[in-house]
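Chemist: Same order as they appear, the protein sequences are chains A and B.
Reminder that position 420 of the first sequence reads as 420 in full-length UniProt numbering, one-by-one numbering, no gaps.
Reminder that position 122 of the second sequence reads as 122 in full-length UniProt numbering, one-by-one numbering, no gaps.
These are calculated hints, taken from the structure and not from any lab test.
Please note that a few of the clues may not be correct.
Given that identical chains are not distinguished, each listed pair holds provided it fits within a single copy or across any two copies.
What the hints assert, rightly or not - Quick list of in silico lysine to aspartate or glutamate cross-link-like pairs, EDC-like style, CA-CA up to 16 Å:
1) Lys586 / Glu305
2) Lys626 / Asp768
3) Lys95 / Asp396
4) Lys602 / Asp552
5) Lys667 / Glu280
6) Lys336 / Glu781
7) Lys602 / Asp544
8) Lys586 / Asp552
What follows is the residue order along each chain.
Number of protein chains: 2
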Amino acid sequence: LWQRLGQQTKNGKTCSQCWVLFGMNSALPLLCVVVSPAAERLRYILGDEDDAPTPTLFTEMDTLQHEGGELEWRESARWVKFEEKVEEGGERWSKPHVSTLSLHSLFELRTCLQTGSILLDLEGYSLPQIVDEVVERQVEDGLLAPELREKVVFVLLRKHRHQTKKPIHRSLADIGKSSSTSECLSVCVSTYHSQSRSMNDISDAPSTDQLKNKFMKKIPRDAEASNVLVGEVDFLEKPFVAFVRLAQATTLGGLTEVPVPTRFLFVLLGPQGKSKSYNEIGRAIATLMVDDLFSDVAYKARDREDLIAGIDEFLDEVIVLPPGEWDPKIRIEPPKKVPSADMRKSVFSLNELGQMNGTAGGGGGSTRTEGESLDGRFCGGLFLDIKRKLPWLLSDFYDAFHIQSISAVLFIYLGCITNAITFGGLLGDATDNYQGVMESFLGTALAGVVFCCFGGQPLIILINAQPDNGVIDYMELRLWIGLHSCFQCLVLVATDASYIIKYITRFTEEGFSSLISFIFISDAIKKMAGSFKYYPINRGYNPDYVTMYKCDCQAPTQESLSDLPVVSTDGSKLNGTALDWSQLSKKECLKYGGSLVGNSCKYVPDLALMSFILFFGTYSMTITLKKFKFSRYFPTKLRKLISDFSIFMSIMTFVGLDMLMGLQTPKLIVPTEFKPTRSGRGWIVKPFGKNPWWMYLASFVPALLVTILIFMDQQISAVIVNRKENKLKKGCGYHLDLFWVGILMATCSFLGLPWYVAATVISIAHIDSLKMESESSAPGEQPQFLGVREQRLTGILVFVLTGVSIFLAPVLQFIPMPVLYGVFLYMGVASLGGIQFWDRIKLFLMPLKHQPDFTYLRHVPLRKVHLFTLVQIICLAVLWILKSTVAAIVFPVMILGLMVVRKMLDLVFSQHDLAWLDDILPEKDKKKKEDEKKKKDRKKSKGQDDDSNEEVRKMSLCTLIHVERIVYSCYYGHSANTTQ
Amino acid sequence: LWQRLGQQTKNGKTCSQCWVLFGMNSALPLLCVVVSPAAERLRYILGDEDDAPTPTLFTEMDTLQHEGGELEWRESARWVKFEEKVEEGGERWSKPHVSTLSLHSLFELRTCLQTGSILLDLEGYSLPQIVDEVVERQVEDGLLAPELREKVVFVLLRKHRHQTKKPIHRSLADIGKSSSTSECLSVCVSTYHSQSRSMNDISDAPSTDQLKNKFMKKIPRDAEASNVLVGEVDFLEKPFVAFVRLAQATTLGGLTEVPVPTRFLFVLLGPQGKSKSYNEIGRAIATLMVDDLFSDVAYKARDREDLIAGIDEFLDEVIVLPPGEWDPKIRIEPPKKVPSADMRKSVFSLNELGQMNGTAGGGGGSTRTEGESLDGRFCGGLFLDIKRKLPWLLSDFYDAFHIQSISAVLFIYLGCITNAITFGGLLGDATDNYQGVMESFLGTALAGVVFCCFGGQPLIILINAQPDNGVIDYMELRLWIGLHSCFQCLVLVATDASYIIKYITRFTEEGFSSLISFIFISDAIKKMAGSFKYYPINRGYNPDYVTMYKCDCQAPTQESLSDLPVVSTDGSKLNGTALDWSQLSKKECLKYGGSLVGNSCKYVPDLALMSFILFFGTYSMTITLKKFKFSRYFPTKLRKLISDFSIFMSIMTFVGLDMLMGLQTPKLIVPTEFKPTRSGRGWIVKPFGKNPWWMYLASFVPALLVTILIFMDQQISAVIVNRKENKLKKGCGYHLDLFWVGILMATCSFLGLPWYVAATVISIAHIDSLKMESESSAPGEQPQFLGVREQRLTGILVFVLTGVSIFLAPVLQFIPMPVLYGVFLYMGVASLGGIQFWDRIKLFLMPLKHQPDFTYLRHVPLRKVHLFTLVQIICLAVLWILKSTVAAIVFPVMILGLMVVRKMLDLVFSQHDLAWLDDILPEKDKKKKEDEKKKKDRKKSKGQDDDSNEEVRKMSLCTLIHVERIVYSCYYGHSANTTQ
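With the rest of the complex left out, here is chain A:
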């Protein structure tokens, strides 16, 4: 069989992807591009790039069945992109799967096309007419005996039963009998021509079944159908094969299950006994028809040879699984991503060759600083930012209309007010109530609304900057620091200092965000642990000694009573003895100077444990529901809804549980009146009067520290939000962001509110809750992450809600704090997910053979990966220690330190390794160019993996140089247009 094939390979071969044919006997070194006749044919018909793209093909395969003495065509499989098979029993579609073919069937199909009738651009308007023409052609060509003509036509015009039709409802007793019907094959076949039935079971108009078919929405609008009909009949002695392309796509009655016009028709009728073989051939042609390249060929083929050339190209590219290592019965799930057919096509369009090779491997291209150019002019960056964001302004609002936004708003809102309350409480203590919960709420609302309305990246959520322990005692001094800081920010904006973000590589970014996540997690746990302190459990409690547990309020002795400043609530002097001490509550008792005596005084039952249950329950339920998207239960949409609203549902559940238990767990109490926390002060802080004049200038120095903190916090968070993995489409606006942060700083200082800066974890949570996925189009195609619902509305709503929380107090007071701490824990843990650093830490615990197939592991030796991770861990540990000791004040400077460490890593790791593990730092002149080249190389190899083919490299060299020039001009901003 294969005997002469080997020799044939010598003659010449389609040279796709520059594979070199291996001419064993010829002593000549073969040239790279050896063009076989087949390849030349394809190049001729596919080379013309100006052609409109061909429509998508929907392929349906029907097989001839003999049900209850009647012949009919029954749908047995269909393809949009992947194969769906009708399962045995005919009541079920299989899951979409990759069509695994046998090599046989492909060769047999090739033979079919070589010997059968090929009718291209047939003018067809109805199935009977088409069938007549096909049969006529066969008779003309001597392939079919004229006396069989009628029989073939009769068979081909039997009615088609599609999988959409509900099976005829048989009574339960009938079911048992049906198994025998399949036995009557020979009887049915031999009797069909004696029956006096119409030649034509096919109607012209699409049936209601077709029109109602919901499957239609899975098929692209412009799609056309190709129908494959295979079957065995007893009157033929050799197969009847026809391949028809219609001049115009035509709806041929009930031929197709959906009302899609038919363009191609493949018919294979053969002698009995080989139905399996026919089926496989049918599957082969159907698979070919949905192949991007072959369908192009089928549309453009001029003759039989073009089609054969198409099959040959297909065979050239097939992937072969060895029979001993794979079970053909396994249905292979569609891959997450299939390679684009453009690569294959590009071989045939000569003039595109270079270009295609250069870009095809790109994949995850585009640098993080996309759209970020250094303009030499004053405020150049700011103006560019505004110019970039302005066109999106309208869509920033209407893009928000989606149910997902509601869940995002609720989630982020709860995060924000929890933060505002806990932070406000701390701040109140620290500032002697000059700034408290009220200020915290008001500030959050004000800063948030302004930033979300006008900021460069409205997905960023602003929260209170960490309190600077005791630095800012007086409102006036604080105002001046704020003003200085605002001025410094504006200077940074004007000088385009945000250019520094190019040095914020993955190393810095992930280090910083991990740190913030850890702080979130540790804060949540600390607060939870606090309940155990606040509500101590009586460990030695013995239910039997319930009679012994009491706590009495004892009146103070006379001496101590006289020492105390006795003040009653109504102002009158109280006489200790006049009180019924036993009727006083704990607070009252202490207030009036009584002492609590008894062994249950310092314990509070149940609350600590209940808090723990609420905390942990909320966290675990959120995690579980979030994962529910990947479960098999319920329809996809419902699952997605559950997943989107997981936090809301968990909160509701545990609020409900808390109400059911009726325990006095600590609740979320928001202020209910609009007034400054400290009654003495007004809303506006006056700039002069209380401090000596030099203080106004000296405050420049602490302001500098604040500015660095604000700047780093803001920009790193922005870098994280603008990560290329998030696929943001509306561009970034670092300068604009910083501008507004500066302005808000001054405003807040005047109003005596806290300062606000981007919150890493909550911003990540915001992004996560707004992620969009494609509705899968073809069955089996994996939904793709499309990007984030970029808009301003969710942010604005969150902060408006925060502002009006004062009025929401009656609702909010049902929410126990431990539930919100659970949400915090979830936020911290969730924001660690998807961080490469975190993945790499996990690698330490995995034995080599169980490690996931991360691409960087294929390219960078494990010990270097580990070393890199270790450096990051040490950096984080140092930062953590700094953060929690007195050195907290230098923390922002330390983040700059991260960037210095990263720079030093250049000395230890090769640029190749760093390109995989991190990003390449931009550098000067020639060195920079080299790096760029390497980066491009890496991108290319990321796309093409370890394809180190010399040819491709050479070919893409000119493209590289071109791309490099563009990137260079982007960085140094020679023209503003290129960045648009």
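Please arrange chain B on chain A, whose structure you already have, making use of the hints.
Modeler: For chain B alone, kept in the frame of chain A given last:
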């Protein structure tokens, strides 16, 4: 290229699996078996079935590298069964994956073998000698210019660097430079012959690296190696190809990474510029060498043509993935199971043909009643059971020596004592302490030890039969019932009544075990909920009013005092007024007639919530740890250990937490003294004296009910344990089991202990904790479930431990009951897993397209599956209601009802559907034979899936009749030997 191929297919084809070649132009209907020359060749060399099986091949592929100016062979991939590739950077093995080849490389390889030198059965003792002979042959054949001889030999004798060798430790600073070394290719190659180096880098003895290689344990003992060497050199103008088979496998120095003797050698050296192509050819031959069939061919080939025929057969069987639906870069994970090559081989050994076809598809064969034959003789079944079990007696003990057994013993022990305690408590209440916790412990120990020592299926765990509310008030009456019941059991044994189990199909079995699981789960939850009743939470508690909560003991008023029978512990009459009432504990207060006054009296703080945390924590931690086996962290063995000991670790953790909290949660208190619970009675119950004589006879009637319960409980549990999915090897012993249950019944009745019967859920847990998996042999092969560690020791130990629990009281008292309820919950939930019924219930919640690919779903219409499930659910609901109402007494009869329902399903469902969803009931004569046939058909189609090929069916017909005869004789026991 493929042009002439199509025509070639006409000439004739290897007809494996009876595929019929599709002769398009020939009008002759082709015969099924068309034997091509290639197939005839293979049949000739493979047909001889008496040959010893060929050794397993380990294949290593080395490629020629030019590192730092030196040439060397570097290992680039290896195959035991699946491919492992050396990743870029050379420091890492990829995960084992299926070798995806290109069709090209296979054809190119075919050409190589057609044109290159083939040296079969070469006498080789060292690499240099072999290389010399190969080169000599090439020169002789005119394939190699004589002047190139030395150069080729030089290249082939360069040293081999294997992946085991640690990379030379370079300093960190060096790493950056290394990237440039790969550029020097042309320089190195052109200079190698000018360098004065030894021609031979290869040593003869295996190096220590080889010997120390741990990979050796992944390779079967008798394995031989095949080495593939590919590389490009600049002096050749056409490729140098050689395929060598040595007459004797020989260790060729450092050629192979492991000290495995080399049998095959494939060399491909070619001109420069096509390294990728050479690599692919190398991968192709390597993949072929590990293919079961091709390696046979390679061992037995007589000439070049045999090898070519082998490749052709391989190509015949390959699976093709279309390029548009699959990304060749994806590494395909090895499948769970690959089809055996026997099927392919069987085509070539004519005399085995029929047999192979009949059995190959079997897969999950063997009926549940394997080894269960109905012997006409008195006690025939019992004797057969003993005969079957006796030979295993010794292995029943030494098979237990494995660490897994320890975990199983601990797990089941805790389950048993928890059961004994809770049951004992209930029993004590019900029988007025005639039987209590002590009796429960003692009985469990006695019955368990006896059963595990002598029973037919020692994996079954006996626990107390459910208490029969109030039926057995007097020990004497109970004794008589027990005696009658024992007698009835023995009659059932003697008459081989256990034959009835053949009617216990999956339907009954899963219904019963689900019911028991639900009871377990509901009991666990009920007991947990009980803590909230037992330790009520004070819901309105306000921490501020701590001073108001008290509970005082108030002395009774004088009148009520005089009404009460005042008894002091020391017997003296007590004067109410002499007591300090405020110092009394709750119990004392109530005892002395005081009343508890106060608002905290009826509340117990913390204990309920703590109990809940312990309960839920134990359950979730066990579930989580059990799944840990499938995580990526830590080495496989450690993971398996953690998974095996998950219950133990969870219990320890939560016992620890409980100790840490120091709360008085309810603990496991076992009796510490060996004496009957009721002090009045001795250990032996006397049979006569207390009841009228007719009672001794009348007790026959209640005994009958007890017998039915015992019989059904015992046999269904045994059927579940003996399920074929458990792959038990030592056979079952239904008669023997029942015999001992009967004997124990009488014994326990005499001793006044409760009765014992098989416990479904705990027995399943026992089986689960003793499951064995194969250590995966070839890398990438999935570990297979091998069976259960069948032995008597774990059971015996469990019950011995139960017996000595009296002495373990000091340890056991630390275990809180809620932890044990958590374990119960886990047991109930875990025993639901793997039940098809449960899977089918889940289907209700899944949309069609997300349903898992269960085989029965491919064959049975979904609505019938749902109908079947619904019937089961209704049956269960009815049983549940019966169980929980007064009708509990008829519960055992109702299980018989399940079997009747199943019988009626025969009328509603077709036998085909039932065969997939359930099992076929045995029936009489002809009908039975038909069913058997269908069952076989189904098995066959299970194996071959929807391969409805007529040919195969015909061929296997005679086999079927044969198999049927065997099964028939098994059922009706014409010969005892067949069941052994």
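Chemist: For lysine 626 and aspartate 768, with the copy left unspecified, which applies at a CA distance of at most 16 Å: within, between, both, or neither?
Modeler: within (11 Å within a copy, 31 Å between copies)
Chemist: I want to check one pair: lysine 336 and glutamate 781. Are their C-alpha atoms no more than 16 Å apart within a copy, between two copies, both, or neither?
Modeler: Answer is within: at 7 Å inside a copy they meet the 16 Å cutoff, but 24 Å across does not.
Chemist: Checking an output row: lysine 602 and aspartate 544, CA cutoff 16 Å. Within, between, both or neither?
Modeler: between (20 Å within a copy, 11 Å between copies)
Chemist: Regarding lysine 667 and glutamate 280, is the shortest C-alpha distance of 16 Å or less found within a copy, between copies, in both, or in neither?
Modeler: neither (67 Å within a copy, 67 Å between copies)
Chemist: Between the shortest in-copy and the shortest cross-copy C-alpha distance, which are at most 16 Å for lysine 602 and aspartate 552: within, between, both, or neither?
Modeler: within (12 Å within a copy, 19 Å between copies)
Chemist: First find the shortest C-alpha distance between lysine 95 and aspartate 396 inside one copy, then the shortest across copies, and answer within, between, both or neither for a cut-off of 16 Å.
Modeler: Neither, since 39 Å and 46 Å both go past 16 Å.
Chemist: Pop the pair lysine 586 and glutamate 305 into one bin, within, between, both or neither, using alpha-carbon distances up to 16 Å.
Modeler: Answer is neither; intra-copy 98 Å and inter-copy 101 Å both fail.
Chemist: Have a look at lysine 586 and aspartate 552 and pick one of within, between, both or neither, based on CA distance no larger than 16 Å.
Modeler: within (9 Å within a copy, 20 Å between copies)
In terms of the numbered hints stated before, the structure departs from hints 1, 3 and 5, listed from lowest to highest.
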